[in-house]
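As a plain string of letters, each chain reads:
Protein chains: 2
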Amino acid sequence: MRIVNVPLGHRSYAIKVGGGLLSRLGAECAPLKLGRRCAVITDSNVSKHFSKAALKSLSASGFQPVLITVPAGEKSKRIAMVEKCYDQLAAHRLERKSFIVALGGGVVGDLAGFVAATYLRGISFVQVPTTLLAQVDSSVGGKTGVNLRAGKNLVGAFYQPQLVLCDLDALKTLPKREYISGLAEIIKYGIICDAILFAQLERNLPKLLQRDTATLAAVIARCCEIKADVVGQDETENGLRAILNFGHTIGHAIENSSGYGKFLHGEAIAIGQVAAAKLSHEILGLSSHDVARIEKLFAQVGLPVKIKLSVAQREKLFAAMKLDKKVSDGEIKFVLAKKIGKVEFGCKVPVETIERVLNGG
Amino acid sequence: MRIVNVPLGHRSYAIKVGGGLLSRLGAECAPLKLGRRCAVITDSNVSKHFSKAALKSLSASGFQPVLITVPAGEKSKRIAMVEKCYDQLAAHRLERKSFIVALGGGVVGDLAGFVAATYLRGISFVQVPTTLLAQVDSSVGGKTGVNLRAGKNLVGAFYQPQLVLCDLDALKTLPKREYISGLAEIIKYGIICDAILFAQLERNLPKLLQRDTATLAAVIARCCEIKADVVGQDETENGLRAILNFGHTIGHAIENSSGYGKFLHGEAIAIGQVAAAKLSHEILGLSSHDVARIEKLFAQVGLPVKIKLSVAQREKLFAAMKLDKKVSDGEIKFVLAKKIGKVEFGCKVPVETIERVLNGG
Chain A
10 MRIVNVPLGH RSYAIKVGGG LLSRLGAECA PLKLGRRCAV ITDSNVSKHF SKAALKSLSA
70 SGFQPVLITV PAGEKSKRIA MVEKCYDQLA AHRLERKSFI VALGGGVVGD LAGFVAATYL
130 RGISFVQVPT TLLAQVDSSV GGKTGVNLRA GKNLVGAFYQ PQLVLCDLDA LKTLPKREYI
190 SGLAEIIKYG IICDAILFAQ LERNLPKLLQ RDTATLAAVI ARCCEIKADV VGQDETENGL
250 RAILNFGHTI GHAIENSSGY GKFLHGEAIA IGQVAAAKLS HEILGLSSHD VARIEKLFAQ
310 VGLPVKIKLS VAQREKLFAA MKLDKKVSDG EIKFVLAKKI GKVEFGCKVP VETIERVLNG
370 G
Chain B
10 MRIVNVPLGH RSYAIKVGGG LLSRLGAECA PLKLGRRCAV ITDSNVSKHF SKAALKSLSA
70 SGFQPVLITV PAGEKSKRIA MVEKCYDQLA AHRLERKSFI VALGGGVVGD LAGFVAATYL
130 RGISFVQVPT TLLAQVDSSV GGKTGVNLRA GKNLVGAFYQ PQLVLCDLDA LKTLPKREYI
190 SGLAEIIKYG IICDAILFAQ LERNLPKLLQ RDTATLAAVI ARCCEIKADV VGQDETENGL
250 RAILNFGHTI GHAIENSSGY GKFLHGEAIA IGQVAAAKLS HEILGLSSHD VARIEKLFAQ
310 VGLPVKIKLS VAQREKLFAA MKLDKKVSDG EIKFVLAKKI GKVEFGCKVP VETIERVLNG
370 G
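Line order of the protein sequences matches chains A and B.
Heads up: take any position in the first sequence, counting from 1, add 9, and you land on this note's numbering.
Heads up: take any position in the second sequence, counting from 1, add 9, and you land on this note's numbering.
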């Protein structure tokens, strides 16, 4: 088992990465000084595979868990579902010392984290991410959120878990499309912070695609380390943390303007990252060679690298981009790369340049 | 103008108490380095009196305010209303640097504060409390919240404003019943922390009931000072802050079990405080003389000091008490007084004693 520490003073916590961790959930929670009552929030897909093991492990360690299952999919990340969870927590009489276990992918983690952040003005929570995307990204760093009709993650809280358990065995049941989507965030860490990781991904791609446990353990732990380091320096996204959004300005706009669910998050940000690489070439002088390596790696993984848009779709996409949280006083700012492993944030990009790049020019 | 500072490190802020402050709202916000776009959240009653002045003052200082009006009353403190506010903020394109002004009483402050705490994972907000209760209590200290069907304030966040403006002129339009309700919290500060304040209230009651500006300025500033001091020592209610809940365990249960709106908050906690004083006599040896002074002051102010309950109502009340956030591992804990000006928190009280006291025994 690999352990990554997220250094946030008295709110520091550990990310544990390894096989068989779900069956140790109760034992791992026991030293955290939490109350006995807890709620496992999961979705209808994940529940089939893992909720039994989670409840069993918690009960065996003396906890009293209740299971809350929401429908699988992004549509559960909305206020009405948050309220349903609250009502169930109240019915089960969860108290201030009680805690929530988020068992599932990014949707469950974001939803359950927001519920934990706001129920009784905040109770403890433990993340048990079961998708690759959630293990390397959404479960780490304390961002929680739900969507509004107007956009993705427009509501939320910065709220840190007490513990993150990344069980590598959970990845074995992941549908191929979802697994590959998760690789988009992994490649991102290479681009923004770690040229060596990027080169390793290029080299070890076959093993990664085969879900080789040793390769996954090393890669996931390294990604968590990078994220923990960035979050430790800038918890509430006042500066540096923005680099984690490489490819996300366009990516979120694609997700939003095409209707949630058409593109998986990883697919949308793969397109967004390739576009951001091209913008980086024009604005920061990222070499054509690096742009080509980036585009090639995403393509080899099996992720989309461009999007075809009608005029109406393009307008919708730009409207979505302008509502993004990363907009400040109406200007669209990007994270752009100088070279693989080094990025800058707050780069202003003219709208024409964005349009040209999205048109493939 | 009196200024009270709330010492919370980089989240410190000022409470300003005086006449004519609403017309200075824009000027007071100007030095806070906030974005230009803002939303004034208010209710249908308060809006009639004050929203025009608030918007005018903000516009005059270069801000671009939008007005969001919710129906007056506790019923607006619910998740569906929170979502309506989010949608309006998104429609008005509020960004991370934008801010919210909470213009109104406790309901508006709690609702708008929760919206500010969670929209875009938190934007700035300014409290302009227009009721006595909000000026001395809910606007100070960073507690925000909304109700669930299961209970009051079961959802919320600890989230500090950037500024609190208590305009004493706003109190002139307050209905008598509401004004008197606010006095219940003021008396509370005397009981929990300041025997001199309590004696002043006994002495200056006629002036206070006449809403004399000089008397109000001194009393409100002193209450804010006490609350700021307590909150500065314990922001997230891990210990000391509990003393602010003197009278609230029973008070909240009365509000909840009798249906929101039957008793005003101040009326419910007046009954709760008199009951807590009687419990204090039994458990901590509070003198009969102090119990009598407390009961007399509430009665002289015009607040209820006891409640008549049927068996069914009593059962409902106890059920509500057990769901309170101050319950820990199923035990009901109270804040009790040793003498006027000195309280202890975390006092366990047998259920029979609570029943006897509520029965007037």
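Misleading hints may appear alongside valid ones.
Note that the list lumps identical chains together, so a pair holds whenever it fits in one copy or between two copies.
[As the list claims (entries may be wrong)] No more than 30 angstroms apart at the CA atoms, straight line, and that leaves these computed lysine-lysine pairs for DSSO-like:
1) Lys57 x Lys181
2) Lys216 x Lys325
3) Lys357 x Lys106
4) Lys271 x Lys93
5) Lys42 x Lys331
It should be emphasised that the hints constitute simulated quantities derived from the structure, not laboratory data.
Hint-by-hint comparison with the structure:
1. Only within a single protomer do Lys57 and Lys181 lie at most 30 angstroms apart by alpha-carbon distance; the minimum there is 14 angstroms, versus 61 angstroms between protomers.
2. When the C-alpha separation of Lys216 and Lys325 is checked against a cutoff of 30 angstroms, the pair qualifies neither within a copy, at 39 angstroms, nor between copies, at 62 angstroms.
3. Taking identical chains as interchangeable, the C-alpha atoms of Lys357 and Lys106 lie at most 30 angstroms apart only when they sit on different chains, with a minimum of 18 angstroms there against 45 angstroms within one chain.
4. In this assembly of identical chains, the alpha carbons of Lys271 and Lys93 lie at most 30 angstroms apart whether taken from the same copy (26 angstroms) or from different copies (27 angstroms).
5. When the C-alpha separation of Lys42 and Lys331 is checked against a cutoff of 30 angstroms, the pair qualifies only between copies, where the shortest distance is 22 angstroms, while the shortest distance within a copy is 44 angstroms.
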